[in-house]
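Undergrad: Sequence:
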Amino acid sequence: KVYLDSGRLPMAQLLVARNGQPVHYCSMGNAREDGAPMRDDALFRIASMTKPVTSIAFMQLVEQCKVAIEDPIGSVLPELADVGIYTGGGGQVGFAPTRPAAPIRFVDLLTHMSGLTYGLQNRTNVDAAYRDASLDVARQHHDSDEYLAALARLPLEFSPGERWNYSVSTDVLGIAVERLSGMRLGAYFQQHIFGPLGMVDTGFGVAEGQADRLVDAYQYVPGAKPRMIDRGPDSRLNADGKFDSGGGGLIGTIADYHRFTTMLLNGGKLDGARIVSPKTLALMTANHLPGGKDLTEISQSLFSEANNAGTGFGLGFATVIDPARTLIPSSKGEFYWGGAYSTAFFVDPVEQITMVFMTQVYPSSIYPIRRQLKTLIYSAVDQSYV
Numbered sequence: 290k291v292y293l294d295s296g297r298l299p300m301a302q303l304l305v306a307r308n309g310q311p312v313h314y315c316s317m318g319n320a321r322e323d324g325a326p327m328r329d330d331a332l333f334r335i336a337s338m339t340k341p342v343t344s345i346a347f348m349q350l351v352e353q354c355k356v357a358i359e360d361p362i363g364s365v366l367p368e369l370a371d372v373g374i375y376t377g378g379g380g381q382v383g384f385a386p387t388r389p390a391a392p393i394r395f396v397d398l399l400t401h402m403s404g405l406t407y408g409l410q411n412r413t414n415v416d417a418a419y420r421d422a423s424l425d426v427a428r429q430h431h432d433s434d435e436y437l438a439a440l441a442r443l444p445l446e447f448s449p450g451e452r453w454n455y456s457v458s459t460d461v462l463g464i465a466v467e468r469l470s471g472m473r474l475g476a477y478f479q480q481h482i483f484g485p486l487g488m489v490d491t492g493f494g495v496a497e498g499q500a501d502r503l504v505d506a507y508q509y510v511p512g513a514k515p516r517m518i519d520r521g522p523d524s525r526l527n528a529d530g531k532f533d534s535g536g537g538g539l540i541g542t543i544a545d546y547h548r549f550t551t552m553l554l555n556g557g558k559l560d561g562a563r564i565v566s567p568k569t570l571a572l573m574t575a576n577h578l579p580g581g582k583d584l585t586e587i588s589q590s591l592f593s594e595a596n597n598a599g600t601g602f603g604l605g606f607a608t609v610i611d612p613a614r615t616l617i618p619s620s621k622g623e624f625y626w627g628g629a630y631s632t633a634f635f636v637d638p639v640e641q642i643t644m645v646f647m648t649q650v651y652p653s654s655i656y657p658i659r660r661q662l663k664t665l666i667y668s669a670v671d672q673s674y675v
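The sequence shown maps to residues 290 to 675 in our numbering.
There could be a bad hint or two in this list.
As the list claims (entries may be wrong) - Simulated pairs of lysine-lysine, DSS-like, Cα-Cα distance not exceeding 27 Å:
#	residue 1	residue 2
1	K621	K582
2	K355	K568
3	K531	K355
Claimed, not checked - Computed spacing ranges between beta-carbons, pair by pair:
#	residue 1	residue 2	range
4	G296	S668	39 to 49 Å
5	N411	D432	34 to 44 Å
6	G581	D434	35 to 45 Å
7	S364	D432	33 to 43 Å
8	A357	D434	21 to 31 Å
9	Q508	N414	19 to 29 Å
10	D329	Q508	42 to 52 Å
The set of hints was computed from the structure by calculation and includes no laboratory data. Using N, Cα and C, we set each Cβ at its ideal position, and we do this for glycine too.
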């Protein structure tokens, strides 16, 4: 409430559940800059909270033995079979000298250890080349094949498996889901995840006639209230896009994502619908960083969707491997992620707690909301299951 009263956040919704049952829900603020009230079925840009959905989709195909996580991605995405590593030599990125790289494997995409990057990292010449190629905002610029073709012209930042770097890896993974299934990603999600889970309001873009439900999006302005950058009813998200971004393109409601997190809490099943097996989910939420390291030891990446210390990374999720090092109340094995507009979720299998938080302020690194939410939630736990 302090964030809303001060104008730092325009709106917020929070849903906390234990044992799959909601124990706290609140909806505050205005849906739009013109003062339109919030509604319980408001639609939010969940950005990188799309990534766990894409990772689950890929692992469904692994369970069917259509692909293995250790396979080189060139078996499905030949465009990226022989991408080299940028050497920093003279010339424009994409034409500068490169050296050979080990093949990217699907596990490298799932763990963000592929050598790919994001233009928004804004650190290196390769990042700049991603921005020039519009790879971070592909919805209006590329279809899936065009996206891969543009990406294939750019080098990797490092050899796959060598480091962790937050990147377009999950967008590439989503294209692999399309090719393996023969379906556009949004259609695959609807048939194999959203439909079975009863997630009726989640998809790539806003359904026809529902534009009034999409809240405005804002950008942080130092020393001032956030600036509105995308008015919901007028957003391009109300029209079809060329590309279904598996790394960040979904729109949805807090109720829908609560159903997704409840499925995760239940080991991959909800209301009779089995999405993935418990063993698959256990593999996904284990730490896959080499040597059991945490992100402070293996990442130089700019990102804010996870805490570094005491945090490992699995197949699509950050995972708590050492609660003491996080310096936040948490449980070993808790897993989570967030989105660029400051949305967030976590799943705690030990305490049987899930949380989904929705707002719309970019970027997510400005305020310590996620840390504070976790602290407040765990401080309210009257009986621990440990």
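Undergrad: Would you mind marking each hint as holding or not holding in the structure?
TA: So, going through the hints one by one against the coordinates:
{"no.": "1", "hint": "K621 / K582", "result": "holds, 15 Å"}
{"no.": "2", "hint": "K355 / K568", "result": "holds, 18 Å"}
{"no.": "3", "hint": "K531 / K355", "result": "holds, 26 Å"}
{"no.": "4", "hint": "G296 / S668: 39 to 49 Å", "result": "violated, 26 Å"}
{"no.": "5", "hint": "N411 / D432: 34 to 44 Å", "result": "violated, 26 Å"}
{"no.": "6", "hint": "G581 / D434: 35 to 45 Å", "result": "holds, 38 Å"}
{"no.": "7", "hint": "S364 / D432: 33 to 43 Å", "result": "violated, 21 Å"}
{"no.": "8", "hint": "A357 / D434: 21 to 31 Å", "result": "holds, 24 Å"}
{"no.": "9", "hint": "Q508 / N414: 19 to 29 Å", "result": "holds, 26 Å"}
{"no.": "10", "hint": "D329 / Q508: 42 to 52 Å", "result": "violated, 26 Å"}
Checked against the numbered hints above, the structure violates hints 4, 5, 7 and 10; every other hint is satisfied.
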